Amino acid sequence: MEHSILTLSDIAKYPFIPEASEYVKRLDFRIENLLDENYAPILDRAEKRIIDALTTNPPKVSFNPREYSEDIEIISFPVAIVLVSALANEYVKKRYALAEARRAYELLKEESEEKIVEVAKKFGWRIRFPGEKIGLVKFDFALNFIDYLRNISALSHEKDWKLVNRPVLRGEVHLSRHDVARLLQEEAQRYIEAKIDPKARSLIPEKIIERLEKLRQAYLDKMRESPAESLASVGVVSDAFPPCIRQLYEAAQSGRHIPHVGRFTLTSFLIKIGMNQDIIVDLFRKSSDFNERMTRYQIEHIAGERGSGTKYTPPKCDTLQTHGLCPGMDDLCKRIKHPLTYYLRRTRSLKRKAK
Amino acid sequence: MGMDNQAFIYRMFSKFYNENIDRIETPKSIENREFGFTIFKENVMIRHKGFMRAEDLKEFIRKTVPSNVYYSTAYYIMPEAKMDEKGWLGSDLFFDIDADHMPTECNKIHDTWTCEKCGLTSNGVTPKKCPRCGSESFDEKTWPCEKCLEAAKVETIKLIDMLTGDLGFSISEIKCSFSGHRGYHIQVESEEILKLDSTARKEIVDYVTGTGIDAIFHGLELINYGEARILVGPNLDDFGWRGRAARGTYEFLLKATAEDLKRLGLKSRVINEILANKNEILESWKTSGPWNMVRGLGLNGWRKIIQRGISLQSAKIDTVVTVDIHRLIRLPGTLHGKTGLLKVSFPASEIEAFDPLKEAVAFKGGEAKIYVEEAPKFRLGDEDFGPFKKQTVSLPLSAAIFLLCKDAGEVIDSNV
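Those protein sequence lines, which keep their order, are chains A and B.
Per our numbering, the very first residue in the first sequence carries number 54; after that it's consecutive.
Per our numbering, the very first residue in the second sequence carries number 734; after that it's consecutive.
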């Protein structure tokens, strides 16, 4: 390996880089070691990492170099990965990966250009820091545009992340330090999610599984978070659903059969109001004929990411009446012609009431 | 198409492939590509074909004489398997620039459409709905005219400029070809882009078409200048979309009429001031730009004007094709069933001088006598033909086959 400028304390900050796992290997650490009292601080810290992810909002794993030695910080990361794997809960997996990635983002923002580039290169990024001034703005970094595209899929609905709104020259996107740190967060989140493998449970000593079950019991309410609840955090207000959507939504949650038009209506509605696609997939999971690939395909199709690229809008009220999907109108329904209008008005009035 | 016509075209295509089979360009990693064909007799697509070697593909084409030959931009583990079992390995980056999808100077006046329901027929761009009966299915007859082809070429040149200057592909990585009808194909076979998913490809599409772009991300902003607030904007020689936005704006203002500006929602006082000071505004680009020259025209007004400039600079591609990572495209070196012209590749660096109606002519020598129902004036090679209406003419083979493929007449006799 070429000479690295990353120190032990850097590895503790970014425990997902290859140097970290090499370090753990050199220490000859094994999962069975955790049964040994001397390793208790590592297990505690690993558990704390997961609890941080579950209890902070937006989720972020803590960073406290005074409390934890570098060794503890570095080893507790792969231990936490194994524990999260063993919990085998999709929500915890996503939440944990996000919390670790956000921790890295906050730390990266404060690093020197050299360090940021060094971490980015661990993910194979082609990045330099020419520090060029374009117009009035100084852009510290230049990143290969393919590496940029690979990391904006969750961001590109925001206008300023679109490639077309970035300075692009000879295959490189010019970026600020903040932007590079944000893209690295995306990369780290994907990387960590991919590391979490439910099969790891079989490798874990019984004693630790017991402890894990205690953790599960203690945070049951967090882990069982239903789609509707987790939505609250991303800004989807289920209280503002019109009667037709509420009926379809509840039918989906309880696994009752929904005709094709109904599924289309519900899915296109939820996409339009910005619900995360993974959560929509989860919503249909209870349906007797659930097929993840098929469901995902249909959602992507309706979102305009496949086929003709058309972003579908839910049908308007009179079409829903035609298809027998209108359960009867309330007062607000009588004043609008489209379920999305209902939702908009209701969210606004709920906000006003909250104030 | 009458049976005789079809038999004649089949015979000519067969003769062509027998004599020119090595014009067919074998795609990279042929064993991982899916092939598709349409055949003359049944008008159906045969898909999911695979070939291990170039010779096998050529042999197949020589034997079956397809009316059209396609292959996948995608690479698969098993190209012959069902769609969801093929095992997608990656896909070339592909762009289709077709005169069908862009406004042209000729207004497609040479094209005709006939409503399949009520029979209404007219010239020009096919409407979305039949103005008489509201039906949405039409029988179309389209013709590649010089203006259509020139418009497609201009868009292709803009695209090549973005792919090289902005996205950094080398000109030698960019495969350019004439489609054999009304457009150009651009294919990038770089390792780098193989694995890009549809979402990432959509970002590239949005980039080259200028979709979702906003001038405020390209240098247009209000800044403090001592006590005053002044507007700054992009310069003509800036790189990427920044420079393009400026150059497009310049181009737009150069030709803009009061009507054009009114359509942007500008106030008539502002419009008059722009038109009265046009020369000064254009001149100002040599120094600090026109951003503070027109009273009453602020950030939002300029934003709208720049937007018009951007649309002049964007490349009009068929957006659906590029994001489709399972697309079948015409194989270079094969004949287009609707024209009898070749899909021909050429170096992207030579596009300016490329003459599609010369380079794509497949049939050299020979003559045929045909009855032409109706055809506009057209050129093949160095010769002009037509317009024809209900007449019998002797034509060079290439022109005769062109008209027969277009279903514009009946073959009577041929010396081939």
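Among the hints, erroneous ones may be present.
[Unchecked claim] Stretch-level coverage of chain B by chain A, calculated; a stretch enters the list once three of its residues show a Cβ under 8 Å from a Cβ in chain A:
id, region
1, 890-900
2, 934-940
3, 1117-1126
[To be verified] List of simulated lysine to aspartate or glutamate pairs, EDC-like, C-alpha gap at most 16 Å:
id, chain 1, residue 1, chain 2, residue 2
4, A, Lys215, B, Asp947
5, A, Lys215, B, Asp939
6, A, Lys186, B, Asp971
7, A, Lys186, B, Asp939
8, B, Lys928, A, Glu211
9, B, Lys891, B, Asp939
[What the hints assert, rightly or not] If the Cβ cut is set under 8 Å, some of the chain B residues that face chain A in the computed set are:
id, residue
10, Asn801
11, Phe972
12, Arg1036
Everything labelled a hint here was simulated from the structure, so no lab data went into it.
Computed from a predicted structure; not experimentally measured.
Positions of the beta carbon are idealized from the N, C-alpha and C atoms, including for glycine.
Here's how the hints hold up against the structure:
no. : hint                   : verdict
1   : 890-900                : holds (count 3)
2   : 934-940                : holds (count 5)
3   : 1117-1126              : violated (count 0)
4   : A:Lys215 with B:Asp947 : holds (10 Å)
5   : A:Lys215 with B:Asp939 : holds (8 Å)
6   : A:Lys186 with B:Asp971 : holds (12 Å)
7   : A:Lys186 with B:Asp939 : violated (25 Å)
8   : B:Lys928 with A:Glu211 : violated (23 Å)
9   : B:Lys891 with B:Asp939 : holds (14 Å)
10  : Asn801                 : violated (22 Å)
11  : Phe972                 : holds (5 Å)
12  : Arg1036                : violated (13 Å)
In this structure, the earlier hints numbered 3, 7, 8, 10, 12 are contradicted, and the remaining ones agree with it.
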